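With the hints as extra help, turn the sequences into a complete structure.
Sequential numbering from 1 applies to the sequence shown in our numbering.
For the record, the hints were derived by calculation from the structure and aren't laboratory data. Note that the coordinates shown come from a computational prediction; the quantities given were computed from them, not determined experimentally. Be careful, since some hints might not be right.
[What the hints assert, rightly or not] Straight-line alpha carbon distances no greater than 30 Å define the calculated DSS-like cross-link-like pairs of lysine-lysine that follow: (1) K115 x K54; (2) K147 x K98; (3) K56 x K12; (4) K95 x K54; (5) K147 x K95; (6) K88 x K129; (7) K54 x K148; (8) K129 x K95; (9) K54 x K24; (10) K115 x K61; (11) K88 x K120; (12) K209 x K98; (13) K71 x K12; (14) K209 x K24; (15) K95 x K47; (16) K71 x K203.
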Amino acid sequence: MGNNYEGAWMCKLDDIKTLDLLSKIAEEHETMIGIDFASSQIYNKGKYCYANPKRKLSPEKQLEFILDLIKTYGLVYVEDPFHENDFKHFAELTKKAKCLITGDDLFVTRPERLKIGIKKKAGNSIIIKPDQVGLVSEALKTVQIAKKANYKTIISHRSRDTSDSFIADFAVGTSSPIIKCGIHGIEREAKLNRLVEIWNNIKNPEMAKLNL
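Here you go:
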């Protein structure tokens with residue numbers, strides 16, 4: 001057991017046993033599961049290379065594997081299921097799956113890459129990291145393009161983030177239904193505390209409605 005650099009818990013269970021455990025916990029607490037596959041990090045020489053259990057999957061087998069996970073565990077959120085330039089399989093998964101198929105490395109918050117994804121029907125939601133694209137105005141431009149195409153916008157922190165809480169305000173200000181900031185660590189708690197503060201200062205606040 002331990003924590004990685006994003007504050008997430010790590011364990012020695014293999015991927016499937018971990019999902020089995022998370023599925024039971026999610027059911028007990030009436031919540032849902034999502035997975036960030038970070039596939040660009042495990043893609044090597046045309047294969048997706050998993051460590052535990054060890055396996056190497058072609059893009060087609062990766063597609064089958066993810067569809068099976070979505071069905072088995074009722075996944076509502078799938079992020080970066082393929083490597084950062086695989087618009088084709090992103091589009092195939094989006095067509096076949098009834099959940100959020102989210103691009104992070106696929107789009108890197110850039111309007112021009114999002115436009116390619118929209119044209120190819122790759123994904124139906126996008127990670128927005130204001131500091132990734134460099135300017136808040138450019139991030140807002142990407143949000144506007146996404147909303148016009150009915151892509152869900154998910155405002156996200158960065159790995160090894162600071163305790164700055166700006167993305168909480170950005171998420172509320174852009175009416176984004178999801179914010180991704182983690183739960184463990186001062187830098188993540190700062191965002192959550194800011195969300196609570198915003199909630200307490202709004203008359204008749206409501207949680208975002210997320211239609212999958």
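Subject >> Hint numbers contradicted by this structure >> reply: 1, 7, 16
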